[in-house]
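Residue numbers (UniProt numbering): 1 to 486.
Treat each hint with caution, since some may be false.
[What the hints assert, rightly or not] Below 30 Å or equal to it, Euclidean Cα-Cα: the simulated DSS-like pairs (lysine-lysine) are:
(1) Lys367 x Lys214
(2) Lys270 x Lys214
(3) Lys291 x Lys257
[Unchecked claim] Per label pair, the in silico range of CB-to-CB distance:
(4) Lys73 x Thr273: 17 to 27 Å
(5) Asp222 x Thr71: 30 to 40 Å
(6) Leu13 x Glu42: 20 to 30 Å
(7) Phe289 x Asp222: 50 to 60 Å
Source of the hints: derived by calculation from the structure; they are not laboratory data. From the three backbone atoms N, C-alpha and C, an ideal C-beta is built for every residue, glycine too.
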Amino acid sequence: MNELPSKYSSVGLSPEDQHKVITSGPPKRPRKPIEYTIRTIESKIQDAVTNQTYQNSNYIDEDIEMVPMDTDKEVDAISSYIAYCRDSGNLSSHSHDEYLGDDMMIDEHHNNITELEIIEGNISFLVVDTNFIISHLQIIDELRELAIEFGLKIILPIPVIQELDGLKNSTKIQSNGGSGEMLSGVSVGHLARWANEWIYTSLANSSTVVKGQKLSQRIDRDAMKDDAILDCCIYFKQTHPHNLVVLLSNDKNLCSKALMNDMLTVSFRKDMTAELIASMIFNQNINTFGKLETKVSTTVHHQPAYSHAYTSPPPQQQQQQKHLEPSKEWIEAAQDINGFQSFSEISSKVYNEIETILSSALHHCMKAEFGDDLDLIRDYDNSSGKTIAESANVLIRFWFPVFQPYFSPLPGNFKPFEETGSGKSSHKTPIFIQQPTTIKELYAFVEFWSTVLDTIYDAIMGETEQQALEVLTTRWKKMASSSQMH
1 MNELPSKYSS VGLSPEDQHK VITSGPPKRP RKPIEYTIRT IESKIQDAVT NQTYQNSNYI
61 DEDIEMVPMD TDKEVDAISS YIAYCRDSGN LSSHSHDEYL GDDMMIDEHH NNITELEIIE
121 GNISFLVVDT NFIISHLQII DELRELAIEF GLKIILPIPV IQELDGLKNS TKIQSNGGSG
181 EMLSGVSVGH LARWANEWIY TSLANSSTVV KGQKLSQRID RDAMKDDAIL DCCIYFKQTH
241 PHNLVVLLSN DKNLCSKALM NDMLTVSFRK DMTAELIASM IFNQNINTFG KLETKVSTTV
301 HHQPAYSHAY TSPPPQQQQQ QKHLEPSKEW IEAAQDINGF QSFSEISSKV YNEIETILSS
361 ALHHCMKAEF GDDLDLIRDY DNSSGKTIAE SANVLIRFWF PVFQPYFSPL PGNFKPFEET
421 GSGKSSHKTP IFIQQPTTIK ELYAFVEFWS TVLDTIYDAI MGETEQQALE VLTTRWKKMA
481 SSSQMH
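The whole structure should be built from the sequences, with the hints applied where relevant.
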């Protein structure tokens with residue numbers, strides 16, 4: 001039997017074999033190319049943080065970076081991270097009254113802003129998912145600029161704002177499949193914070209294009225996560241049957257659900273542009289509903305901006321049917337201020353009457369704004385029997401979502417509290433919450449709370465209630481004047 005060639009064999013190696021390279025073991029597999037997707041995302045975000053590389057010079061707030069995800073793998077990495085956080089419960093919903101985080105508190109702008117708004121025509125509602133606004137903020141912003149030309153309204157569902165608020169401080173790290181790469185929550189947090197700031201700036205400038213879903217704009221109040229986003233789409237489809245509703249999402253599962261509900265969807269495609277998206281949606285709208293006459297209104301914002309989950313308009317005085325005037329007997333009884341023996345007695349009576357009426361009025365406002373959801377708001381006392389201090393804190397806590405629109409038309413920037421700082425640094429303190437102890441304090445107390453109540457009643461109450469309040473404010477002022485005699 002022939003021996004294997006070896007220098008240790010009896011015959012040794014032949015001269016030919018002595019010059020050969022001999023290997024052993026199975027052949028090595030070719031090395032796979034290194035996957036740089038996560039590294040590229042991290043690098044782009046860090047570059048934006050350090051060098052402000054991706055700012056949109058046409059946007060009002062030049063501090064907002066709009067870092068694009070340019071490839072399928074980059075988009076999938078971001079979408080997978082958000083899906084992971086969503087499914088693991090790391091983006092759990094906040095209470096309804098707090099789903100706008102501190103970064104979403106609206107600063108006040110007093111410059112006149114003129115903006116066009118399409119009120120009739122081929123209007124399309126674009127419902128934006130979290131992964132889409134984080135990955136394609138530049139495209140969303142360009143769609144905002146194209147809104148008038150193509151009849152677009154950008155809708156931000158409640159869970160999207162909740163998720164952005166949760167992501168902006170994220171520290172989670174998620175593996176990118178088997179590649180060994182890890183996507184940092186800090187980097188995703190930067191993207192979420194920039195998206196948050198973009199929404200904040202749009203709402204602060206009373207955008208007629210960018211709107212937030214209201215608490216009342218839901219069908220299934222128990223829907224969560226991506227089902228809540230789908231519920232937002234279905235709501236707008238049902239309430240606007242002659243408009244197109246389109247979901248913008250990179251979540252394949254959510255898009256499948258939308259398609260099963262006869263909803264159009266837009267997901268990332270290579271070389272996707274805002275103008276291409278807008279034109280395709282506009283053409284689909286015309287194919288579906290025909291070419292409709294476009295009507296545009298001009299909106300001039302003179303007053304401070306406001307927001308609601310967003311974005312409920314200022315309350316309008318309700319149209320009243322024939323009303324009953326306060327009875328003559330009640331008016332005469334209210335105007336009778338005799339019988340008080342001391343200043344303390346007058347001050348106590350005024351304080352208690354204002355306390356009762358203020359508590360009832362604020363509860364009426366909250367019920368009108370939140371409806372059945374009022375029971376779901378954390379730590380809100382659903383009764384109308386609040387102290388003045390408690391009512392003052394309700395005004396502060398729900399200033400932006402409820403009360404600011406009531407007071408914005410008042411001259412002199414009147415506010416029912418004391419405020420230091422502005423925007424995100426604002427600090428609000430209740431005032432006029434103690435029973436007056438001097439005549440001067442009583443005058444100021446009556447003047448302040450009469451203004452607050454007049455403003456609220458003018459906004460939400462009927463003519464009968466407004467007339468009754470007028471009688472009472474006159475009574476309080478007379479009582480303050482009569483206190484000088486005691």
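Structure-inconsistent hints, enumerated in ascending order: Numbers 2, 6 and 7, in rising order.
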